[in-house]
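A.B. asks: Chain by chain, the residues:
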Amino acid sequence: MSDPDLLYSDVEDDLRASVRDLLADRCEPAAVIAMYDGDRSLVDGLWKALAAEMGLAGLLVPEERGGVGASAREAAVVLEELGRAVAPVPFLTSAVIASAVLLDAEGDLLAALASGERTAALAVPLSTAPDDAIPAARADAGGRLTGAFTSVAGALEADVLLVPAANGESVGVYAVPASAASIRPVVSLDMTRQLADVTVDGAAGELVVADGERAVRRALQAGAALLASEQVGVARWCLDTTVAYLNERRQFGRVVGGFQALKHRLADLYTGVESANAAARYAAVTLATGDPDASIATAVAQAFCGDLAVTAAEEAVQLHGGIGMTWEHPAHLYLKRAKADQLALGTPGVHRARLANLIDISAPRMTAEPAGVATAVDDSHLTG
Amino acid sequence: MSDPDLLYSDVEDDLRASVRDLLADRCEPAAVIAMYDGDRSLVDGLWKALAAEMGLAGLLVPEERGGVGASAREAAVVLEELGRAVAPVPFLTSAVIASAVLLDAEGDLLAALASGERTAALAVPLSTAPDDAIPAARADAGGRLTGAFTSVAGALEADVLLVPAANGESVGVYAVPASAASIRPVVSLDMTRQLADVTVDGAAGELVVADGERAVRRALQAGAALLASEQVGVARWCLDTTVAYLNERRQFGRVVGGFQALKHRLADLYTGVESANAAARYAAVTLATGDPDASIATAVAQAFCGDLAVTAAEEAVQLHGGIGMTWEHPAHLYLKRAKADQLALGTPGVHRARLANLIDISAPRMTAEPAGVATAVDDSHLTG
Amino acid sequence: MTADETAMHADLRRRVADFLAAHDPLTSDRLEFLRARYDAGLAWVSFPDGHGGLGLPRALQLEVDQLFDEAGAPDNNRLANGIGLGMAAPTILAFGTEKQKQRFLKPLWTGEEVWCQLFSEPGAGSDLAAMATRAVRDGDEWVVNGQKVWTTGAHSARFAILVARTNPDVPKHRGLSYFLCDMTVPGVDVRPLRQLTGEAEFNEVFLTDVRIPDAQRLGAEGQGWEVATATLNNERVAIGGSAGPREGGMVGVVARTWREQPHRRTPELHDRLLRLWVEAEVARLTGARLRQKLALGQPGPEGSAMKLTFARLNQQLSGLELELLGEDGLRYSDWTMVRPEVVDFTERDAGYRYLRAKGNSIEGGTSEILRNIVAERVLGLPAEPRVDKDVPWKELRK
Amino acid sequence: MTADETAMHADLRRRVADFLAAHDPLTSDRLEFLRARYDAGLAWVSFPDGHGGLGLPRALQLEVDQLFDEAGAPDNNRLANGIGLGMAAPTILAFGTEKQKQRFLKPLWTGEEVWCQLFSEPGAGSDLAAMATRAVRDGDEWVVNGQKVWTTGAHSARFAILVARTNPDVPKHRGLSYFLCDMTVPGVDVRPLRQLTGEAEFNEVFLTDVRIPDAQRLGAEGQGWEVATATLNNERVAIGGSAGPREGGMVGVVARTWREQPHRRTPELHDRLLRLWVEAEVARLTGARLRQKLALGQPGPEGSAMKLTFARLNQQLSGLELELLGEDGLRYSDWTMVRPEVVDFTERDAGYRYLRAKGNSIEGGTSEILRNIVAERVLGLPAEPRVDKDVPWKELRK
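The listed protein sequences correspond, in order, to chains W, B, L and Z.
If you're matching positions, the first sequence starts at 1 in the working numbering and goes up one per residue.
If you're matching positions, the second sequence starts at 1 in the working numbering and goes up one per residue.
If you're matching positions, the third sequence starts at 1 in the working numbering and goes up one per residue.
If you're matching positions, the fourth sequence starts at 1 in the working numbering and goes up one per residue.
No wet-lab data here; the hints were simulated from the structure.
Mixed in with the good hints, there may be bad ones.
Stated by the list, open to error - Straight line, CA to CA, 30 Å or less: simulated DSS-like cross-link-like pairs of lysine-lysine: (1) K389(L) to K101(L); (2) K398(Z) to K101(Z); (3) K398(L) to K389(Z); (4) K389(L) to K101(Z); (5) K389(Z) to K389(L).
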């Protein structure tokens with residue numbers, strides 16, 4: 001078969017089941033909702049169980065660097081489950097993005113991340129797309145960093161920050177202990193991935209990647225490719241939960257899910273979720289195999305899955321009726337995550353614009369057409 | 001009441017009833033369908049009845065110029081009915097557009113159009129938007145014209161062509177007898193407004209408007225404003241006919257119109273048609289009163305009604321099922337008219353782009369953002 | 001305008017002028033001014049003489065309100081008492097006894113008594129007629145038990161319009177009655193109902209052995225559904241009928257951001273914003289046209305179509321706004337639970353707007369129910385097969 | 001791939017190589033070659049031995065076809081006989097007697113006998129089971145009367161799969177039987193059915209006292225609905241299951257226009273095209289994933305979802321193409337009534353594509369019916385209330 005395998009292997013199914021079981025036990029909706037009121041007590045224990053006990057922190061790290069040596073295929077499965085539970089853990093920020101930054105780095109920080117002993121975050125705004133300008137601090141000759149970064153995801157959970165900083169001609173990535181930086185929590189649309197504003201003011205950093213721009217872009221690209229699987233997980237929870245609710249809720253003496261207009265919307269949503277699943281799977285597979293098609297696959301997946309997850313969450317809220325608008329019902333967790341994910345690592349519109357260059361569907365040239373008079377003489381018509 | 005009156009007056013209701021009655025009698029679907037096989041025998045008699053007998057050709061022409069001296073409000077009502085019947089008459093091209101070109105012209109051509117004695121067409125492609133470059137022939141010193149114009153609407157029904165032509169510095173509009181031009185019928189998507197390619201090769205033209213560009217743009221603007229009412233008529237036929245059919249057709253032992261998914265789609269379509277009606281009405285009213293808001297009103301109406309009529313026709317075909325795909329059923333006439341109308345006088349996208357300038361929602365500047373590294377130093381954060 | 005109409009306008013303007021001459025809006029006591037305006041028939045001009053009105057066409061109300069506003073007349077608590085003014089008052093007028101009208105309409109209009117609505121229940125949302133709150137007759141009183149939800153302003157309301165089941169042995173639509181319920185009596189327990197925005201704009205209301213005098217029943221026993229339907233029709237007209245200035249509401253907010261923050265613009269967002277701008281402008285015109293129809297006395301279920309559009313546009317615009325804001329769209333103002341008095345989208349941050357707008361297609365009739373209404377009552381398509389129509393309520397599967 | 005699978009592949013490749021060595025595809029007589037290929041079990045490899053196959057997994061078919069295509073083997077009339085190959089053959093295999101399989105499968109596969117389908121009727125479209133065409137037993141024959149529509153290729157077909165009502169006294173699904181109908185016998189009148197494109201791609205077929213031997217009944221008397229359902233499931237897999245190369249089909253046509261005619265580009269059309277490009281690519285991947293599932297023996301109604309997407313994309317892309325073409329979109333190629341042998345969107349003008357694509361959401365199951373199927377069979381939502389399920393067909397209101 002020449003097509004890449006877009007299904008799940010038995011090993012992946014097992015991984016999914018383990019993650020799902022753990023989340024069912026230890027990541028209850030009420031505890032997640034409490035995060036919006038500032039109670040973050042859920043996070044540490046849950047992340048420890050996933051990262052260290054289950055070994056997920058090292059999933060993408062090669063065995064020789066202390067990791068599990070699995071691939072983006074497996075990481076995608078984990079992200080589907082984390083999305084499905086809106087789990088508030090720094091898997092994407094530390095185990096995917098920060099680890100990808102460090103992939104070519106010397107030193108043992110990557111191994112510490114892989115073991116779950118330490119957790120890192122890349123200090124860029126969550127909204128940064130892979131092709132965007134990368135914000136950077138200034139590094140002086142002694143490796144002391146000065147700069148400010150807004151809306152950084154994973155910083156609250158991190159004990160080490162990966163800070164891009166300009167040192168003379170290039171931009172390196174520096175490791176800075178979280179304790180040496182000012183990390184101010186931000187009231188976030190998605191409190192299950194709460195942001196922080198990060199300032200370093202002369203903090204000592206260790207240069208861990210010399211060619212920082214390349215490493216950061218690669219990491220954001222990997223993050224974008226795998227974020228699509230999180231979005232699929234979010235969307236699938238929304239679909240499944242809504243179908244289950246509508247199969248139970250009765251109005252007008254009938255099961256609400258039997259009303260045809262709702263059935264048709266759910267059929268369309270199912271079609272969308274299945275489509276997103278295929279798109280996200282392809283992005284993960286191309287990332288796993290180093291396929292040159294990964295750039296297109298990632299842009300396609302982000303362009304599609306970002307909107308689809310929002311649609312799924314919006315439909316879930318709407319089709320639950322009033323109950324879906326309440327604080328007690330978990331639907332809003334998914335709406336907020338889906339909307340924040342849509343803005344994360346580049347909006348779908350940004351990814352479509354990136355795609356345009358990759359597939360030779362170029363934008364129009366923006367010459368303001370002079371509204372004037374054109375001479376309509378076609379000499380070929382004038383022979384008769 | 002400060003809002004302009006968007007309803008229909010009693011006089012307008014009477015006008016509508018007369019036009020509708022005449023069309024019901026003399027514009028049967030089978031005869032309209034026959035036009036696609038080249039049988040245009042319907043056109044002349046029908047246009048004569050409408051233009052001369054009912055006096056519609058002179059609706060927009062002031063009384064002192066030989067017309068009825070009604071306004072765009074009444075012309076809009078006529079166009080709603082013509083759209084509703086996909087009537088193959090040159091009302092839009094002659095009584096609206098050509099008449100608007102001639103509004104400031106000397107001579108008695110306008111009066112001849114108003115009486116229905118003559119019928120004219122402006123020689124520009126039907127797709128020309130009011131701000132587009134206007135194609136023009138070349139006029140020599142003796143008023144002999146040379147040039148070619150493609151996809152001209154109304155030329156087949158016209159006995160006089162209004163030809164924009166460059167004469168030295170400006171562009172004038174010249175009247176040319178149809179018999180002096182080569183008018184080649186074009187197989188058109190909408191054969192009920194069949195296009196023609198027009199060539200003049202040294203034909204003698206009479207200069208009727210010196211400032212041609214201004215007159216042509218004003219005429220295209222009036223045409224665009226009133227085309228919206230035709231689109232409303234098309235859409236309303238589609239809605240009404242589909243509702244009637246679905247209230248009759250039975251499948252699965254039930255009236256098909258009782259299936260909720262279809263009910264909801266028709267409710268949305270009703271909402272769209274009512275909206276289009278308001279938009280088209282406002283465009284007509286602002287045109288009728290010379291309101292400075294007419295430019296915005298026209299762009300809004302075209303941006304909305306062009307797509308809405310297509311949606312209505314597409315829904316009509318779909319919801320009629322197989323029968324809507326057949327040549328015998330008139331639904332396809334409306335699909336073809338709606339799609340052609342969407343491309344006529346500027347697509348909805350073109351009108352949105354025009355609108356952007358009118359309402360100060362400017363396009364982004366198209367500087368390719370350099371994907372590089374930005375220094376993220378915010379000194380205001382560094383005081384702590 | 002006919003000669004009669006012109007005379008009517010002139011007469012009304014004169015009455016307002018006379019009233020303002022006699023009651024200086026800037027120096028009079030607020031309540032005294034409002035009570036006097038009510039007594040002068042200049043409150044609701046379409047209401048009958050003696051009940052705040054003059055029996056004039058509804059279309060004249062706008063003009064009167066404008067004249068008073070321009071003169072700086074005091075406000076009758078319009079925003080906080082929307083349910084009272086928009087829904088309770090016309091229902092009391094239509095179905096109330098003379099005594100009820102005398103007792104309730106005046107303090108309602110002046111804003112002294114704010115009203116709320118006790119209709120929806122957890123098990124009776126779209127299927128409102130399925131409500132389970134019971135009212136049992138006990139002499140001259142009714143004893144009410146049940147739970148209501150989605151009650152705006154219940155914590156500050158003095159009275160409520162309430163529908164409860166008085167006869168469970170007949171089909172669901174026929175066993176309901178409509179009451180005017182004092183919110184200060186024992187057994188009324190109002191609890192905030194927190195929403196996805198973090199705020200508690202609504203309440204749950206638990207009713208435990210609440211006693212309501214039979215004199216506060218509105219309409220006949222068993223007529224509750226009919227009365228409630230009249231109330232809800234007024235709600236939908238209220239929600240759907242307003243057509244403000246161009247770029248009013250959500251579209252204006254997003255347009256402002258677009259203009260003020262050019263660095264955020266992209267070609268994709270540009271066309272999407274233009275599309276929504278066009279749709280918002282068309283909705284405004286459609287609303288204006290609908291109001292003109294209503295003024296001519298052609299009311300109908302068409303207001304439901306407006307509400308559909310309004311909800312969709314608010315949702316699409318607020319969703320686009322977050323994409324436009326990018327990084328700033330990821331930040332929220334405050335999740336602290338508060339009980340806001342007024343819902344105003346334009347003064348809040350974009351995240352709030354996005355979340356709050358989700359309610360626009362649920363509150364006051366879900367968009368799904370409104371599409372049914374348009375399809376059945378405007379287009380004449382068949383109703384859904386009703387399996388519960390002739391079954392006694394108590395036998396229905398809940 | 002397991003060791004067994006590897007061996008199976010190797011064996012199959014060897015068989016093909018041996019066959020090609022024995023029958024030079026470039027010099028052999030076309031029909032002889034095809035018949036020999038059938039006899040060698042290399043026609044449908046998943047069919048049983050003796051019926052053109054080897055009883056192998058369906059997933060291997062693609063590989064065999066590729067090997068033959070690469071070798072330049074003659075075509076078995078694949079395009080013109082789509083209904084025969086995709087729908088009639090698997091149904092005959094599943095429900096036919098040994099005699100029927102022997103008689104019909106081989107000439108069907110070689111393309112000597114082309115098939116068409118006589119299912120839909122003017123009064124039985126989405127509600128196919130309501131069909132009214134009657135078949136009355138007369139000795140060893142059935143006498144058939146009725147009208148069928150939407151028949152592709154009826155004018156060139158040798159046989160038809162036909163469903164007709166054999167018992168009007170039982171509910172509609174239970175009174176149907178399935179026949180193999182010779183299209184050359186007296187009483188079969190095929191008339192072109194012209195479509196909105198101007199062409200007559202389909203036919204109406206009028207059946208007047210057409211006699212069909214009982215030996216050409218497929219499945220039991222009264223089992224027609226079950227057999228027809230099997231046929232239609234094959235159709236939906238056939239329509240929805242294909243996933244060609246990137247930019248295959250309609251999206252490739254529009255992308256080419258975009259690239260070749262830069263003066264037509266606008267920012268608005270740019271983003272719309274990119275959206276549709278993304279959706280088309282995602283649909284391609286979804287189709288590939290579905291095929292992988294099917295190859296693993298997880299078939300199901302999911303193909304319906306693919307067909308929904310395919311229809312929508314074709315319609316949106318062809319609509320956008322006309323807007324992109326502007327003036328040229330107003331021109332059409334030819335309205336002359338012809339009877340095309342093959343429907344190929346990409347080789348035609350844009351107006352044809354736009355109009356023809358409207359049929360994609362109607363033919364082979366309307367998008368509305370497909371949404372029902374997805375909702376009920378994939379998501380497990382309740383079926384529509386069925387008022388006609390237990391009523392004898394003859395008593396139904398038509």
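A.B. asks: Look at each hint and say if it fits the structure.
C.D. replies: Evaluated hints:
Among the hinted pairs, K389(L) with K101(L) is inconsistent with the structure: their alpha-carbon atoms are about 33 Å apart, more than 30 Å. Between K398(Z) and K101(Z) the CA atoms are separated by roughly 37 Å; this puts the pair beyond 30 Å, and the hint is violated. Restraint check for K398(L) and K389(Z): satisfied, since their Cα atoms lie roughly 26 Å apart, inside the 30 Å limit. Of the pairs offered as hints, the one joining K389(L) and K101(Z) is violated, with about 54 Å between alpha carbons and a cut-off of 30 Å exceeded.
Simply put, K389(Z) and K389(L) have alpha-carbon atoms about 22 Å apart, close enough for the 30 Å limit, and the pair holds.
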